[in-house]
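Colleague: This is what each chain is made of:
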Amino acid sequence: QQQVKQSPQSLIVQKGGISIINCAYENTAFDYFPWYQQFPGKGPALLIAIRPDVSEKKEGRFTISFNKSAKQFSLHIMDSQPGDSATYFCAARRPSGTYKYIFGTGTRLKVLA
Amino acid sequence: GAGVSQSPSNKVTEKGKDVELRCDPISGHTALYWYRQSLGQGLEFLIYFQGNSAPDKSGLPSDRFSAERTGGSVSTLTIQRTQQEDSAVYLCASSPTKGNEQFFGPGTRLTVL
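Top to bottom, those sequences are chains A and B.
By the numbering used here, the letter at position 28 of the first sequence is numbered 28, and the numbering carries on one by one without gaps.
By the numbering used here, the letter at position 76 of the second sequence is numbered 189, and the numbering carries on one by one without gaps.
Here chain A stands alone, though its shape is the one from the complex (with noise of 0.2 Å):
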C-alpha cells in the first residue's frame, strides 16, 4: 500500500531521444507526485510535480502523464540532453496527518553525446 514502484533501473538514451520513466503507486490516498533528479554528490532537487486531478503537466522539455484509473504517472524528458544524466525519482505523498513522502527506487539515466 505504501510502495511506490519505478522502472527501469537504468536507462541510456541518445542525445535528442526521449526518456521515458515509470511509477506505478498502490494507495489512491496519495496526493502529490513530484519528480526529482539528483546529480553525484548533491542532494535530490524538485524538477517538477503534478496534482491526481490533472492528467498532464509539462515544463520545458519535461513532462509528467498522469493516470488515475491506472496508478500510474511518468516522467517523459524530450529532446534528452548529457547534461540530463542524473538519478530521477519519482515520490507520492501521503495527506493525512505527516505529509510523508514515499519515494521510488530510482532511475539512473545517461544520455549519450
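Since the hints were made in silico from the structure, they are not lab data.
Where a beta carbon is used, it is the ideal one built from N, C-alpha and C, also for glycine.
Do not take every clue at face value.
[What the hints assert, rightly or not] No more than 16 Å apart at the CA atoms, straight line, and that leaves these computed lysine to aspartate or glutamate pairs for EDC-like:
#	chain 1	residue 1	chain 2	residue 2
1	A	LYS71	A	ASP84
2	A	LYS100	B	GLU157
3	A	LYS100	B	ASP169
4	A	LYS5	B	ASP169
5	A	LYS110	A	ASP53
[To be verified] Estimated spans, in silico, between C-beta atoms of each pair:
#	chain 1	residue 1	chain 2	residue 2	range
6	B	SER140	A	LYS58	41 to 51 Å
7	B	ALA115	A	GLU59	22 to 32 Å
8	B	SER151	A	ASP53	31 to 41 Å
Got chain A sorted already, so can you dock chain B onto it with the hints?
Modeller: Here is chain B on its own, set in the frame of chain A:
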C-alpha cells in the same frame, strides 16, 4: 539565500561507535525530514519534525536511531552503536510549510567499518 546544509559531508566510523549528523535547514522552514539513501535504493523516510508538534518517528529502523530538533531549527540525527548496515547517505530536507516542496541538503555519507 543559503540552502540546507549538512555536516559532516563524510563520516567514517568503526562498528559500535556512536555518530551525530547535523542538519541546518533553510531559515524559517518549519518542517524538517531525515532520509536514508542506501546504494542503489530510493530514499527511506526516517523522521519528520513539524514546528512544535511531536515528531513522526515511524521510519526510524531501530532504537539505536534518534533525532532531535532544537529551537525549531538545527537538527541532529544520532546513531548509537553503529553497524555496518548503517552505512548510507543520510539526507536532510526542509519545507517552508507542511507538505510543500522539500529542499534537500547535500547529505552525509556514513561509512561504518
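Colleague: Checking each numbered hint in turn, tell me which of them this model violates, lowest number first.
Modeller: Hint check: 1, 4, 5 and 6 fail, others pass.
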